[in-house]
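Following the hints, put chain B in place on chain A, whose structure we already have.
Going down the list, the sequences are from chains A and B. To convert, note that position 13 of the first sequence is 13 in this note's numbering; the numbers rise steadily by one, no gaps. To convert, note that position 159 of the second sequence is 159 in this note's numbering; the numbers rise steadily by one, no gaps.
If you are wondering where the hints come from, they were derived from the structure by calculation, not from laboratory data. Do not rely on the hints blindly, as some may be mistaken.
Label-pair distances were calculated between CB atoms; the ranges are [what the hints assert, rightly or not]:
#1 R155/B - E120/A: 44 to 52 Å
#2 E41/A - G311/B: 29 to 37 Å
#3 S160/A - P455/B: 49 to 57 Å
Subject to a maximum C-alpha distance of 27 Å in a straight line, what follows is the list of computed BS3-like cross-link-like pairs (lysine-lysine) [what the hints assert, rightly or not]:
#4 K88/B - K251/B
#5 K47/A - K401/B
#6 K58/A - K331/B
#7 K3/A - K331/B
#8 K401/B - K533/B
#9 K318/B - K58/A
#10 K355/B - K3/A
#11 K165/B - K168/A
#12 K88/B - K426/B
#13 K401/B - K61/A
#14 K88/B - K61/A
#15 K251/B - K376/B
#16 K197/B - K58/A
#17 K251/B - K227/B
#18 K58/A - K158/A
#19 K47/A - K150/A
#20 K318/B - K251/B
#21 K403/B - K533/B
#22 K372/B - K355/B
#23 K61/A - K331/B
#24 K165/B - K47/A
#25 K196/B - K168/A
#26 K355/B - K331/B
#27 K243/B - K376/B
#28 K401/B - K168/A
#29 K401/B - K243/B
#30 K562/B - K401/B
#31 K243/B - K457/B
Cβ coordinates follow ideal geometry from the N, Cα and C atoms, glycine included.
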Amino acid sequence: MQKEYTVTVYTEDRIGITNRITIIFTRRGINITSLTTAETEIPGVYKFIITVLSTREKLDKVVGQIERLIEIHRAFVHEEEEVVYQELALYKISTRSLHTGDIERLIRENNARILTITAEYFVIEKTGHQQELIDFIKKLEPYGLIEYSKSGRVAIVKWSRRFHEHLKELQTQEAEHGL
Amino acid sequence: MQQKDVLPMKPEIADKQLTVKPVITGSEAVIRSLIAEGVDTIFGYPGGAIMPIYDALYDFQDQVHHILVRHEQGATHAAQGYARSSGKVGVAFATSGPGATNLVTGLADAYMDSTPMVCVTGQVAAALLGTDAFQETDVIGITMPITKWNIQVTRAEDIPAAMAKAFYIARSGRPGPVLVDITKNAQFGEFEYEYKKCEYIRSYRPIPELSMEAVADAAALINSAQKPFILCGHGVLLSGAEKALIALAEKAQIPVGSTLLGLSAVPVDHPLYVGMLGMHGNYGPNMLTGEADVVIAVGMRFDDRVTGDVGTYVPNAKVIHIEIDAAEINKIVKADVAVHADAKPALEALLELVKPAQHSEWLEEFRAADKKEYEKVQHRELYPEAGELKMAETIRLISEKTKGEAVLVTDVGQHQMVASRYYRFKNPNTNVTSGGMGTMGFSLPAAMGAKMGTPEKEVVAIIGDGCFQMTLQELGTIYQSQIGVKIVILNNNFLGMVRQWQQLFFDKRYSSTEMVNPDFVQIAKGFFIPGKKVTAREDISAAIDEMLAHKGAYLLEVVVEKEDNVFPMVPAGAPISSIRLE
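In isolation and in its complexed conformation, chain A is listed as follows (with noise of 0.2 Å):
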């Protein structure tokens, strides 16, 4: 059955190294529905956070074939209750609105913040989930919505078995053989 996964892929910092990637899925035409990338805590090894809607055993498949990739070092996939993620989402609304009273109460009760404030607009930061993200819009449309725009997932895995240390390790063979 066709569902959400969060797949996640460790690779080394490499020109085209999304494109590599990203083939895989179109090639068993899977859409991706999110995609966010950023180096992680070991210099030169960077995390792609994938959001798809298939089905485990492709998935699976799809994984495997990731994995061979040579600057590929590992990738998995995670059902919905093995990752805690967060996404971030921004709105910029016309200043005029901040004259309206519920303004306020509406930032608050859904632990949103201001980030810049100009004549003409002001920018609101939410993060949460995508649904919560999406309603909050709705809240805000009566406001004059101007810009909405939102970030990827960026999750981290419940049971990630210190992949941090396999890194290091292999920092430490790297010096090993001189490289």
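Just chain B, lined up with the frame of chain A:
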């Protein structure tokens, strides 16, 4: 041969005086890197963006033999044939743009068939990348899904490390093709050259650690099996595990079937060898896969041509899958015991734990199936007394006259299946064919590569009339480089395999499969290659003798039955037990 000695230092001197590194160009570094990796043969075609490398090659003609092909696709297939017969990494050169795109089919073929190959392409200068410069193409993007690895090098000083990695990746683990794209400025740039072989990449584990627990589980399954069956794949040859596999089979008296690419790992006349698996394989191994209670799949990937309908495949068997590539385990068929390992050490470890056994009744079932196939199909194919010449009898004669010791390089289609079914392979790595991709036009260039890789062996290319016309320009290469391959065209004036399917599954609507062919012997003559055309049964034996006795390249056209079919056959997507004998 011209030699201009402008080298600041010869490589062997450089080794002794490590403190002084020679300053050379990127182009020269490419050639020196190849020499450092033991390369002595390159198949290639020059062009604008790779000219500096060809210029550097000019100084090393005594160390590296460059074969000028007639099309870059030919260079890749030649490199594949070279690699498959010799076990060494095949090397191909091409220029940017169309030169690079012409490599695509060969790269995809080598990737599917796990063939170690390094392709070097020239590229426009780094400053022009992305500007749609003359003969610029994004070869890295194009070849990403069909190479084991690829890299673009834009600075001369990065060339040695890129080449070292390329060779390490191409030959280690499950082998595959690698492409190194080098911009023109990097070829011209000068730097202090030093070459270090690559033996480690931190994100890459080519040889998995053998789990003795998995081996013990596998041995327990085999020891309890009543009807065990070994499926021998290409991985057995790549790992050099032929002897270990045969020893295991002999110890526990286990029948061995082979995939198309596993052919030649086990001699065809071995008493435990029961034939080829798959769509046009033998009757016994296909039928009896369904009866086996333990299947030991070694270095194979359960291609759909082998499994037929996966839902009904191995209904009664526990599956042991010995495989070096983790991504292949559980991809198609769920493994009850997965041995993620290189085949040779895995089989050697397994041999220790497997108990001697007899499975006479089980083996008898294979013999009975074999007899049935022989009576219904093989006899009339191999020893026809009337009618037109048959592909099978031609292959039988070639097999007998070469004593099963030739390197057989087949193309794709009916002739490929017939040759694979009836050639009686004796020695490992003597079957070179395009399995996964099924690339028509593979054989002629692959055969010349195979001959370069194993010059001491007789190399016989078996080619269909359709396939031959896809790459026949390589006759020019064969003549120019005096490559002594024997070329056999099995001509039925049809794209036979497609026609067979049209006959069986499309109501004999022969849509675009009949061919009006040229005079193949005349074509060979145009390339100064002698040849002969045979149409009658009484002439075929002498014609093959004449071909084999000829020193150097020779083309033999055999006109065979126009509407011959290959049987047995499993219809595509059907259960393999539905294999038809007629």
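Each hint tested on the structure:
1. R155/B - E120/A: 44 to 52 Å: 48 Å, holds
2. E41/A - G311/B: 29 to 37 Å: Check failed, 46 Å falls outside 29 to 37 Å.
3. S160/A - P455/B: 49 to 57 Å: About 55 Å separates the Cβ atoms of S160/A and P455/B, which means 49 to 57 Å holds.
4. K88/B - K251/B: Since the Cα atoms of K88/B and K251/B sit roughly 32 Å apart, the hinted pair is violated (cutoff 27 Å).
5. K47/A - K401/B: Roughly 60 Å between the alpha carbons, so the hint for K47/A and K401/B is violated.
6. K58/A - K331/B: At roughly 9 Å apart (the allowed maximum being 27 Å), K331/B and K58/A satisfy the hint.
7. K3/A - K331/B: 20 Å, holds
8. K401/B - K533/B: Holds, because 18 Å separates the two Cα atoms, which is no more than 27 Å.
9. K318/B - K58/A: With Cα atoms ~22 Å apart, K318/B and K58/A stay inside 27 Å; holds.
10. K355/B - K3/A: 47 Å, violated
11. K165/B - K168/A: 22 Å, holds
12. K88/B - K426/B: Roughly 21 Å separates the two Cα atoms, so the pair holds.
13. K401/B - K61/A: Given pair K401/B, K61/A is violated - Cα atoms ~46 Å apart, limit 27 Å.
14. K88/B - K61/A: 31 Å, violated
15. K251/B - K376/B: 32 Å, violated
16. K197/B - K58/A: The given pair, whose Cα atoms are some 38 Å apart, is violated under the 27 Å limit.
17. K251/B - K227/B: 14 Å, holds
18. K58/A - K158/A: Satisfied, since the Cα-Cα distance of roughly 22 Å is no more than 27 Å.
19. K47/A - K150/A: 19 Å, holds
20. K318/B - K251/B: 20 Å, holds
21. K403/B - K533/B: Status holds; Cα separation ~23 Å.
22. K372/B - K355/B: 32 Å, violated
23. K61/A - K331/B: This hinted pair holds, its Cα atoms lying about 6 Å apart.
24. K165/B - K47/A: It holds: about 23 Å lies between the C-alpha atoms, which stays within 27 Å.
25. K196/B - K168/A: Satisfied, since the Cα-Cα distance of roughly 25 Å is no more than 27 Å.
26. K355/B - K331/B: Distance of about 30 Å is beyond 27 Å: violated.
27. K243/B - K376/B: 33 Å, violated
28. K401/B - K168/A: 61 Å, violated
29. K401/B - K243/B: 26 Å, holds
30. K562/B - K401/B: Judged against 27 Å, a Cα distance of about 25 Å means the pair holds.
31. K243/B - K457/B: Answer holds: K243/B to K457/B is near 21 Å, not above 27 Å.
Hints 2, 4, 5, 10, 13, 14, 15, 16, 22, 26, 27 and 28 from the list above are not met by this structure, while the remaining hints are.
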